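Colleague: Please put together the full structure from these sequences, using the hints given.
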Amino acid sequence: MKHIYDMIIVGGGPAGYTAALYASRAGLDVLTVERMAPGGQMALTDTIDNYPGFEDGIDGFTLGMKMQQGAKKFGAKTEYAEVKSVDFSDKVKKLKTSNDELLTKTVVIATGANPKELGLKEEWELMGKGVHYCAHCDGRFYKGKTVIVVGGGNSAAEDALYLSRIAKKVYLVHRGDTLKATKIYQEPLFNAENIEILWNSEVKNILSDEKVIGAKVKNNKTNEDRTVDCEGVFISIGRKPATEFLKNELTLDNYGYIIADESTKTNVDGVYAVGDVRTKPLRQVVTAVSDGAVAVNFAEEYLAMTKFE
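Reminder that position 177 of the sequence shown reads as 170 in our numbering, one-by-one numbering, no gaps.
Misleading hints may appear alongside valid ones.
Said to hold, decoys possible - Below are the DSS-like pairs computed for lysine-lysine, each with C-alpha atoms no more than 25 Å apart in a straight line:
1. Lys233 <-> Lys109
2. Lys204 <-> Lys122
3. Lys240 <-> Lys109
4. Lys77 <-> Lys122
5. Lys109 <-> Lys162
6. Lys66 <-> Lys176
7. Lys197 <-> Lys209
8. Lys122 <-> Lys209
9. Lys(-5) <-> Lys136
Stated by the list, open to error - Pair by pair, the computed Cβ-Cβ distance ranges are:
10. Lys173 <-> Thr220: 37 to 47 Å
11. Ile(-3) <-> Glu75: 35 to 45 Å
12. Glu94 <-> Ala286: 24 to 34 Å
13. Glu75 <-> Thr40: 21 to 31 Å
14. Lys204 <-> Ala19: 47 to 57 Å
15. Asp49 <-> Gly146: 22 to 32 Å
16. Met298 <-> Cys130: 36 to 46 Å
17. Gly68 <-> Pro45: 38 to 48 Å
18. Asn213 <-> Asn147: 19 to 29 Å
Treat the hints as calculated values from the structure; they're not laboratory data. This one's a predicted model, so the numbers in the text were calculated from it and none came from an experiment. Glycine included, C-beta positions come from ideal geometry on N, C-alpha and C.
Modeller: Spelled out as structure tokens, the structure:
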């Protein structure tokens, strides 16, 4: 007979590996299915200085690896694959991956959220040729150069500040006339000598000659177009939940996030949503970690009360 796990966790970010740690430590047979590398989006962060226990901060990749090792110590396994589809219609759930079909009694969805795109055709053509979605990953290529950051929230502000320490000039293009970013980012942003904010503006086209050479920026108040010469464009306008593979198996909100409260329970018994992929007021590493622990608590309760034939 095909092996049936007690729990399969889809996604190896902080929520996923916390669930793996708690579940394996409780003696459950656990598998984490991760598409790329431990840490998820956290792994792309250069420095995390608001996670308790690291007074000097820690980079996201190292923290992700530590989380994986902590779960592995108690027997949790990891398979590197992408979950293509799921079937939650029976007590024993089925997950079809790029490698195989897996069976499990409980499922924890920890797939997080991916960067949103501007929707310009040039994005695909120039991805990796001057168009980027992670300043901490690719900013090092722009030392002494000019770049654009698109967005006005915390991510965009953080990216602009990070790039200002590397690049010669940073343009922050924002649709509004005030930033959505929290105050902790705004003062250093306004004080940075090499950051210029283009208010009420949008990137309409990305200009290239095999690689990015600039962008056409429109001021929505004056309707004037401006060409900004630059070597890189960093798009930081938010994220979209990675829930496409669920295909109506779970109830989602209008933005595609899995509807689940602080219990992490979804509308399907034995299936839990943790971290950035679920509806929640605050998406941080600490809240993701909390979700992972909570999900295992309720999964253990479900396993104890459910008969599997």
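Colleague: Hint by hint, say whether it matches the structure.
Modeller: Here is how each hint holds up against the structure:
A C-alpha spacing of about 6 Å is found between Lys233 and Lys109, which places the hinted pair at or below 25 Å, so the restraint holds. Simply put, Lys204 and Lys122 have alpha-carbon atoms about 5 Å apart, close enough for the 25 Å limit, and the pair holds. Taking the CA atoms of Lys240 and Lys109, the gap is near 20 Å; set against the 25 Å cutoff, the hint holds. Between Lys77 and Lys122 the CA atoms are separated by roughly 29 Å; this puts the pair beyond 25 Å, and the hint is violated.
About 24 Å separates the Cα atoms of Lys109 and Lys162, which keeps this hinted pair within 25 Å; it holds. Distance hint between Lys66 and Lys176 is unfulfilled; the C-alpha atoms sit about 40 Å from each other, more than 25 Å. A distance of roughly 6 Å separates the Cα atoms of Lys197 and Lys209; the hinted pair therefore holds under the 25 Å criterion. Of the supplied pair hints, the one linking Lys122 and Lys209 holds, its CA atoms being roughly 17 Å apart against a limit of 25 Å.
Restraint check for Lys(-5) and Lys136: not satisfied, since their Cα atoms lie roughly 53 Å apart, outside the 25 Å limit. Between Lys173 and Thr220 the Cβ separation comes to about 26 Å, which falls outside the hinted range of 37 to 47 Å. Distance hint check for Ile(-3) and Glu75: the Cβ-Cβ separation is about 21 Å, which falls outside the suggested range of 35 to 45 Å. In this structure the supplied range 24 to 34 Å holds for Glu94 paired with Ala286, their Cβ-Cβ distance being about 29 Å.
Checked against the hint of 21 to 31 Å, the pair Glu75 and Thr40 passes, with Cβ atoms roughly 29 Å apart. As the Cβ distance of Lys204 to Ala19 is approximately 51 Å, the hint placing it in 47 to 57 Å holds. Range check, Asp49 to Gly146: Cβ separation about 26 Å, and the 22 to 32 Å hint holds. Range check, Met298 to Cys130: about 44 Å between beta-carbon atoms, so the 36 to 46 Å window is met.
Remark: the range hint 38 to 48 Å for Gly68 to Pro45 is contradicted by a beta-carbon distance near 26 Å. In this structure the supplied range 19 to 29 Å holds for Asn213 paired with Asn147, their Cβ-Cβ distance being about 22 Å.
Of the hints listed earlier, those the structure fails to meet are numbers 4, 6, 9, 10, 11 and 17, in rising order.
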